[in-house]
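2 protein chains.
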Amino acid sequence: MKVLSVVFISLMLIACNTPQKEITDSNVTAQNHADVMKQVFDTPKYAIKSIGILVYDGVNSMDFIGPRYVFSSSGVKPQLIGLKPGKVKTANGLEFVVNTVIDSVQKLDVLVIPGGTIATIKAAQNRRLLNWIKKIDKNSIYTTSVCTGGWILGATGLLQGKKASTNWYREEEILTKFGAIPANERYTKDGKYWTSAGVTAGMDMSLAIVADNFGKNYAQAIMLDMEYDAQPPIEGGSPEKTDKKVYQMMELMYEAMITPAIDSLKIINLK
Amino acid sequence: MKVLSVVFISLMLIACNTPQKEITDSNVTAQNHADVMKQVFDTPKYAIKSIGILVYDGVNSMDFIGPRYVFSSSGVKPQLIGLKPGKVKTANGLEFVVNTVIDSVQKLDVLVIPGGTIATIKAAQNRRLLNWIKKIDKNSIYTTSVCTGGWILGATGLLQGKKASTNWYREEEILTKFGAIPANERYTKDGKYWTSAGVTAGMDMSLAIVADNFGKNYAQAIMLDMEYDAQPPIEGGSPEKTDKKVYQMMELMYEAMITPAIDSLKIINLK
Numbered sequence: 042m043k044v045l046s047v048v049f050i051s052l053m054l055i056a057c058n059t060p061q062k063e064i065t066d067s068n069v070t071a072q073n074h075a076d077v078m079k080q081v082f083d084t085p086k087y088a089i090k091s092i093g094i095l096v097y098d099g100v101n102s103m104d105f106i107g108p109r110y111v112f113s114s115s116g117v118k119p120q121l122i123g124l125k126p127g128k129v130k131t132a133n134g135l136e137f138v139v140n141t142v143i144d145s146v147q148k149l150d151v152l153v154i155p156g157g158t159i160a161t162i163k164a165a166q167n168r169r170l171l172n173w174i175k176k177i178d179k180n181s182i183y184t185t186s187v188c189t190g191g192w193i194l195g196a197t198g199l200l201q202g203k204k205a206s207t208n209w210y211r212e213e214e215i216l217t218k219f220g221a222i223p224a225n226e227r228y229t230k231d232g233k234y235w236t237s238a239g240v241t242a243g244m245d246m247s248l249a250i251v252a253d254n255f256g257k258n259y260a261q262a263i264m265l266d267m268e269y270d271a272q273p274p275i276e277g278g279s280p281e282k283t284d285k286k287v288y289q290m291m292e293l294m295y296e297a298m299i300t301p302a303i304d305s306l307k308i309i310n311l312k
Numbered sequence: 042m043k044v045l046s047v048v049f050i051s052l053m054l055i056a057c058n059t060p061q062k063e064i065t066d067s068n069v070t071a072q073n074h075a076d077v078m079k080q081v082f083d084t085p086k087y088a089i090k091s092i093g094i095l096v097y098d099g100v101n102s103m104d105f106i107g108p109r110y111v112f113s114s115s116g117v118k119p120q121l122i123g124l125k126p127g128k129v130k131t132a133n134g135l136e137f138v139v140n141t142v143i144d145s146v147q148k149l150d151v152l153v154i155p156g157g158t159i160a161t162i163k164a165a166q167n168r169r170l171l172n173w174i175k176k177i178d179k180n181s182i183y184t185t186s187v188c189t190g191g192w193i194l195g196a197t198g199l200l201q202g203k204k205a206s207t208n209w210y211r212e213e214e215i216l217t218k219f220g221a222i223p224a225n226e227r228y229t230k231d232g233k234y235w236t237s238a239g240v241t242a243g244m245d246m247s248l249a250i251v252a253d254n255f256g257k258n259y260a261q262a263i264m265l266d267m268e269y270d271a272q273p274p275i276e277g278g279s280p281e282k283t284d285k286k287v288y289q290m291m292e293l294m295y296e297a298m299i300t301p302a303i304d305s306l307k308i309i310n311l312k
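Chains A and B supply the protein sequences, listed in that same order. Read in order, the letters of the first sequence correspond to residues 42 to 312 in the working numbering. Read in order, the letters of the second sequence correspond to residues 42 to 312 in the working numbering.
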């Protein structure tokens, strides 16, 4: 379901001013919900007031929808930030509407950079975008990337000397190009920089950020709301857990799709 | 990344007419990709030609984006089917564009019905929608629901006597209202009816359907593409795995949000 975003946003405001009562099943009101929340949740580490998720034509839908879903329950509505106003089309053809554009956003507490394929390589060479990311990063509390979004973040130079993770395909080689230290993890934290492996790893990273800032109970509440207790029908989801023939086929496919464009990835010299 | 949808759709067509060669790393072309795919994938059980995902204002974003993502890699582009043309807004405010509307769709091989909260209860009383679902179900190969989408499917009467699963909140009571047999599983298959638990369970169910129809290697290829090897930062995601205080708080929240509307759920007498 998705009651959490609505309830949290409204109740986080109430929560500050109400006395505590014990949790009971009876007579639930917005008022005693707020009491309940005070008993269950820690005080946040940082007061997060703005969360922005970069989007662009060709972005991977799950890369940004997963984090958007998790952060929607954090009491702040995440903004989808485009390069231009209006509609954006994902890599697999979902058309959606951005909330704002990069030129209108001067500051974010949390920045999420999702990935894609060819469009992501193009974004990793867009100086206007990369300069904007560097500007936002100056005052951010969390600067993050999901999947090949790490290629964009890497191109800014901000991952130099930092441990990082990204999509499995040519992971080590690409992170090394950006001066990052390949961690080969589901998600990696190095200071305020959080970078995740491919696609669904963005949900795990976002939950970890929620746990980091709002405490474990908060993350667990969101996990229950999204029933995030994965039970796929078969083992898989990483190169190690995938049948060798299947893995090889996927590697060949990726290669055909993004070679030679991928070879152009590098830190872009920004002024 | 998201190369799979594009590559699969184009290569599935080529695959039928090419001789097999052994998998090698060298000289990758669309042609030998097709050969590779023939070696790796089984022949599908059914030739699936149309996949439709119902969407409506107030739908849960992850409920439909997860299945859409998985099925986008199955060689058929899933259609987002609205009650009206144009934009739809999810429960957490994502605005996106539908591909078509229920009145224009007479037949689907796969139907996915995602959930939400109040909007879903309303949809479960919309006779025009319920009649459409029954019509589609007559010729479907898979009729499925995600999360509280099971409330809509249940309201058509199609789950009578069937094992089913849905979102954890008052699961047993609600499924019983629809004459279904509560299975309390991550996802449940009863004949052609597949019903999943909340939100992210829709991904597991969709992968299981892919495995059922296209074979395990196909599902594993998609899982690698979406790096679906969940590693959340803490245990959780089901009532049983959630701290009692957190669970109780969430139950109270759900109760405040959807009571008494939820009491109106029942099989709607359709003509």
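There could be a bad hint or two in this list.
Copies of the same chain are indistinguishable here, so a pair counts whether it falls within one copy or spans any two.
Restricting the straight-line Cα-Cα distance to at most 27 Å, the calculated cross-link-like pairs of lysine-lysine (BS3-like) are [to be verified]: (1) Lys-128 - Lys-118; (2) Lys-230 - Lys-282; (3) Lys-286 - Lys-257; (4) Lys-86 - Lys-282; (5) Lys-285 - Lys-257; (6) Lys-118 - Lys-130; (7) Lys-307 - Lys-257.
The hints are simulated quantities; they were obtained by calculation from the structure and are not laboratory data.
My question is about Lys-230 and Lys-282: at a cut-off of 27 Å on alpha-carbon distance, are they close within one copy, between copies, both, or neither?
both (24 Å within a copy, 26 Å between copies)
Go through the copies and call it for Lys-285 and Lys-257: within, between, both or neither, with a Cα cutoff of 27 Å.
between (37 Å within a copy, 13 Å between copies)
Quick one: Lys-286 to Lys-257, C-alpha cut-off 27 Å, is that within a copy, between copies, both, or neither?
Answer is between; shortest inter-copy Cα gap is 12 Å, intra-copy 39 Å.
Quick one: Lys-307 to Lys-257, C-alpha cut-off 27 Å, is that within a copy, between copies, both, or neither?
neither (37 Å within a copy, 37 Å between copies)
Classify it for me, Lys-86 with Lys-282: is the Cα-Cα distance of at most 27 Å met within a copy, between copies, both or neither?
between (36 Å within a copy, 25 Å between copies)
Lys-128 and Lys-118: within-copy, between-copy, both or neither at 27 Å Cα:
both (19 Å within a copy, 20 Å between copies)
Using 27 Å as the alpha carbon limit, work out where Lys-118 and Lys-130 are close: within a copy, between copies, both or neither.
both (21 Å within a copy, 14 Å between copies)
Hint 7 from the list above is the single one not met by this structure.
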